[in-house]
Amino acid sequence: MTPGRDRRASWGFRLTPGGGFGNTCVRGDHGRTPQHNGATPFVVGYLARICPEKGLHVLIEAFHLLTQKLGRPAVRLKVAGYLGKRDKKYFETLVKQIETWGLQEAFEYHGEVDRQHKINFLSSLDVFSVPTIYQESKGLSILEALANGVPVVQPRHGTFPEMVSLTQGGLLVEPKSAAALANGILELYNDPARRAKLGQQGQAAVRREFNDKKMAETTAEVYRKYVSPRNLVAREVISVSGS
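Just so we're aligned, residue 19 is where the sequence shown starts under the working numbering, counting upward by one.
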């Protein structure tokens with residue numbers, strides 16, 4: 019649990035899971051067939067706003083390290099997400115670095131994507147990562163990847179430890195470390211069975227814990243607990259005694 023969630027719990031607040039992710043799956047079964055089979059490149063993906071805070075530069079450095087270990091043809095990096103005017107120079111610098119390494123043929127930028135393109139994008143990946151350098155409190159893109167059966171490799175901070183623990187859909191690595199991220203991705207590259215299992219577990223958990231029905235049931239439970247007749251009477255007593 020993150021420090022922010024600890025504080026909210028101590029104040030008596032209870033967080034309920036968001037819904038809708040269970041309905042964004044590529045297909046009807048749990049899990050997916052891994053794309054990488056030895057004859058095709060291993061595809062690492064990023065889907066989030068293009069900005070320093072989301073850590074794309076960390077992932078690109080990890081991508082470079084992976085190509086050094088596995089060879090250039092073995093790995094591909096796909097990136098998608100909104101790029102604002104403020105962050106264009108940041109992204110241009112990253113693209114130039116990729117070109118300097120001679121990896122431009124193994125890199126794709128898909129821009130901002132709608133729902134269907136997002137599903138198509140995620141279904142083409144073997145591993146997903148958005149290695150934020152700040153302590154992310156939401157991690158919605160991680161749930162979207164898991165909903166499509168794609169295992170994740172995330173930094174061990176913010177909401178990610180809780181999310182990975184709940185879904186059993188990925189690995190955690192040292193934050194802000196391209197080497198640690200590359201090693202985490204390499205673990206899944208070297209173990210297709212584990213990669214598939216994590217994807218299946220993650221998808222099943224997202225369907226179970228983050229669907230509209232679950233959100234409605236959990237929210238109703240909160241209302242029953244905190245807006246019950248007993249609590250209303252208690253509040254009236256407090257109000258009268260304090261008047």
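Source of the hints: derived by calculation from the structure; they are not laboratory data.
Just so it is clear, the structure is predicted and the values come from calculations on it, not from any experiment.
There's no promise every hint is true.
Straight-line alpha carbon distances no greater than 16 Å define the calculated EDC-like cross-link-like pairs of lysine to aspartate or glutamate that follow [said to hold, decoys possible]: (1) K87 / E227; (2) K156 / E227; (3) K194 / E117; (4) K96 / E130; (5) K156 / E71.
Distance windows between CB atoms, simulated [said to hold, decoys possible]: (6) P70 / E126: 18 to 24 Å; (7) D209 / P91: 18 to 24 Å; (8) R226 / K194: 18 to 24 Å; (9) K114 / A197: 20 to 26 Å; (10) K215 / K87: 19 to 25 Å; (11) G102 / K215: 36 to 42 Å; (12) R90 / A197: 26 to 32 Å.
By construction, the Cβ of each residue, glycine as well, lies at the ideal position given by its N, Cα and C atoms.
Now the hints, each set against the structure:
At most 16 Å may separate the alpha-carbon atoms for a hinted pair to count; K87 and E227 exceed this at roughly 37 Å. For the suggested pair K156 and E227, the alpha carbons sit about 15 Å apart, so the restraint of at most 16 Å is met. Only pairs whose Cα atoms come within 16 Å are accepted, and K194 paired with E117 is rejected, the gap being roughly 23 Å. Simply put, K96 and E130 have alpha-carbon atoms about 12 Å apart, close enough for the 16 Å limit, and the pair holds.
For a cut-off of 16 Å, the pair hint linking K156 to E71 stands: about 14 Å separates their Cα positions. About 21 Å separates the C-beta atoms of P70 and E126, a value consistent with the hinted range of 18 to 24 Å. The beta-carbon spacing between D209 and P91, approximately 20 Å, falls within the hinted interval of 18 to 24 Å. Between R226 and K194 the Cβ separation comes to about 32 Å, which falls outside the hinted range of 18 to 24 Å.
In this structure the hint that K114 and A197 lie 20 to 26 Å apart at CB holds, the actual value being about 22 Å. One distance hint, 19 to 25 Å for the beta-carbon pair K215 and K87, holds here, with the actual separation near 23 Å. Under the hint 36 to 42 Å, the C-beta atoms of G102 and K215, about 37 Å apart, fit the expected range. Distance hint check: the CB atoms of R90 and A197 are about 19 Å apart, inconsistent with the given range 26 to 32 Å.
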